[in-house]
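A.B. asks: Okay, here's what each chain looks like letter by letter:
Number of protein chains: 2
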Amino acid sequence: MPLFRAEELRMISFKIFKAAGATNEEAQLVSELLVKANLAGQDSHGVMRIPSYIRGIQRGELILGAEAEVVRETSFSALLNGNWGFGQVIGKKAMETAIEKAKRHTVSVVCAFNCNHVGRLSDYTMMAVKEDMIGIAAVNSNKIVAPYGGKERMLSTGPISYAFPTGKEALFILDISTSISAEGRVRVKLHKGEKLPHGWIINKNGNPSNDPKDLYEGGALLPIGGDAGYKGFGLGLAIDILSGILSRAGCAYEENKRGNGVFMEAINIESFLPIDKFKQEIDGLIRAMKNSKPQPGFNEILIPGEPEFRMEQMRLMDGIPLPERTWMEIVETAKKLGLDV
Amino acid sequence: MPLFRAEELRMISFKIFKAAGATNEEAQLVSELLVKANLAGQDSHGVMRIPSYIRGIQRGELILGAEAEVVRETSFSALLNGNWGFGQVIGKKAMETAIEKAKRHTVSVVCAFNCNHVGRLSDYTMMAVKEDMIGIAAVNSNKIVAPYGGKERMLSTGPISYAFPTGKEALFILDISTSISAEGRVRVKLHKGEKLPHGWIINKNGNPSNDPKDLYEGGALLPIGGDAGYKGFGLGLAIDILSGILSRAGCAYEENKRGNGVFMEAINIESFLPIDKFKQEIDGLIRAMKNSKPQPGFNEILIPGEPEFRMEQMRLMDGIPLPERTWMEIVETAKKLGLDV
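Protein chains in written order, with the working numbering: chain A, 69 to 409; chain B, 69 to 409.
Bound-form chain A, shown alone (with noise of 0.2 Å):
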């Protein structure tokens, strides 16, 4: 597999979007946050979605140098018309909005509609922390997760992701989808000729399968919980409706829906405590965790965001590696824009 520094993939990264139209801002915010997604090591968020972004400009679904326009406000809450730009931009105005409402006001509530891709939850929820504010977000897709005792797909992966301030400690960073997989890690199964674990998947009958196959000749993820699967499917509905309902965005079950349904929200700490007490508290839940004793085959206990802070550190040491496939498509993408990367 090729191996590539981050800055290099954000250059190449800057140069297609730039070359497809994008605005300078466009362009830079989402390499960045494309080779963010690489470093963490989620590369199913990083440049291998360069390809789709392009076609999606050209298929007129992203709008080139669109603004997201308020719809409807007030001091405590914002509804945002992401006019189909770039959902790293909208993403980015709403959680902007959302803290500057939280500064003031304690808690804010924003949602966004009519809005593209918007990546990694983290990146947003990330910012509410950088200003010392609690950040809780969620999206929506389109369907692809059964409901538990169900066999059509009728949900989104629902990710939600909080992040919270924390003191000397490692990042508390949580961003999870509530099936019990993504869709990307059944396809690099599915590339690697490798089985499913039990319980990722069911075929278009509805039965349990590990075959990757399955999922894309009609079958489903299900939601987390397994015996519990309502639970995962509860939280599933939930953020179908504070992403798809509250954002007006629509729901993963309706036809021709795309893009992402936003929720997000920023909660100022200082309105409960003061905030170096709230990081030596957080820190202390942390050591308390990592101190704790792991079970049987593991080394140690992980906090969230842990793994993919590691990774970073890695990556920005050893370099990105990408899939031979996942390179060839971004060359073949600059190619088509006429340049030679």
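Heads up, a few of these hints could be off.
[As the list claims (entries may be wrong)] Heads up, incomplete: computed chain B residues facing chain A, CB under 10 Å, no partners named:
| # | residue |
| --- | --- |
| 1 | Arg140 |
| 2 | Ala146 |
| 3 | Gly294 |
| 4 | Lys299 |
| 5 | Glu322 |
[What the hints assert, rightly or not] Where chain B lies over chain A, by a calculated footprint (3+ residues, C-beta under 8 Å):
| # | stretch |
| --- | --- |
| 6 | 264-277 |
| 7 | 348-355 |
Hints are computed from structural coordinates only; laboratory data are not their basis.
If you're wondering where the values come from, they're calculated on a predicted model, not measured in any experiment.
We treat Cβ as the ideally placed atom computed from N, Cα and C, and that holds for glycine.
Place chain B on chain A using the hints.
C.D. replies: For chain B alone, kept in the frame of chain A given last:
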């Protein structure tokens, strides 16, 4: 098993709390919510709690007539010192406060500390729904759940509830623990002499076990997720932070932790879209799920809150069955207070 009408159990419960010195308001509210839990089939949160609440009073852990006081407040948030009164009284005041604030300021968060067992979270999130708002609630309590990959008890079962207003369709009330099972369900299996499904608990050595006894001999419950247990662990930590640190109640891992740390939030839907439109869309979502095809082995798709609603209809007709042992403990508790129930 003896069968009781809801009204009869409410009266017995009311008399017992009155005999123990509770105010009319306390005895009435606590009895109402305990019996409501029994009606819904959530017997672990029902009248079987009466003996332990009375012991709490006698030990001085539950202070009769205590008033929850606001110790920190903005127009958008409040922090309550529950002064160790009945959790139900404190929980109700917390959500009432959140609703009042959200009416004028769209979204609000209210936390509480020094709070006894609040019971079912859905009782509070449904208060918001009755005011056409979204209700969110989470609590922490004593540690009994292991971290993902860990073998020590470090987190509580960390329940979270989301409730949303609906139109003509069934209620939508999600109320779930972030452990694969609540402790009460393991205890039921123990009493019945049954084995546990795989993945519910580990024994004191951190190995998987299906013997409910192992939980009470130094074992721990597991977070939801199975292979992806880092998701349930992450959600459990987020809930511990919101309901333990933001609330000043302390985290589950801390020595001498008792009672519930409380986090409640209300969101005023009208700031985003007309409430009628919201209800129409959530009805559409519910209908789509109900009309989707079930998996082999399932008859239908159930919406969060639906199993409890059906049980309530049944028990209102047929009565509430109480295990002999539960009933005897209630009778015993009543006798010690000089009552003949």
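A.B. asks: If a hint holds in the structure, say so; if it does not, say that too.
C.D. replies: Against the structure, the hints come out as follows:
At about 6 Å, the closest approach between the beta carbon of Arg140 of chain B and any beta carbon in chain A falls short of 10 Å, and the interface hint on this residue holds. At about 9 Å, the closest approach between the beta carbon of Ala146 of chain B and any beta carbon in chain A falls short of 10 Å, and the interface hint on this residue holds. The closest approach between the C-beta of Gly294 of chain B and any C-beta of chain A is roughly 5 Å, which is under the 10 Å cut-off, so the hint is satisfied. The interface hint given for Lys299 of chain B is met, as the beta carbon of that residue sits about 5 Å from the closest beta carbon of chain A, less than 10 Å.
Nearest Cβ of chain A to the Cβ of Glu322 of chain B: about 8 Å, under the 10 Å cut. The hint holds. Counting residues of the stretch 264-277 of chain A whose CB lies closer than 8 Å to any CB of chain B gives 6, so the stated coverage by that chain holds, three being the minimum. Coverage of the stretch 348-355 of chain A by chain B holds in this model, with 4 residues showing a Cβ closer than 8 Å to a Cβ of that chain against a need of three.
The structure meets every hint from the earlier list without exception.
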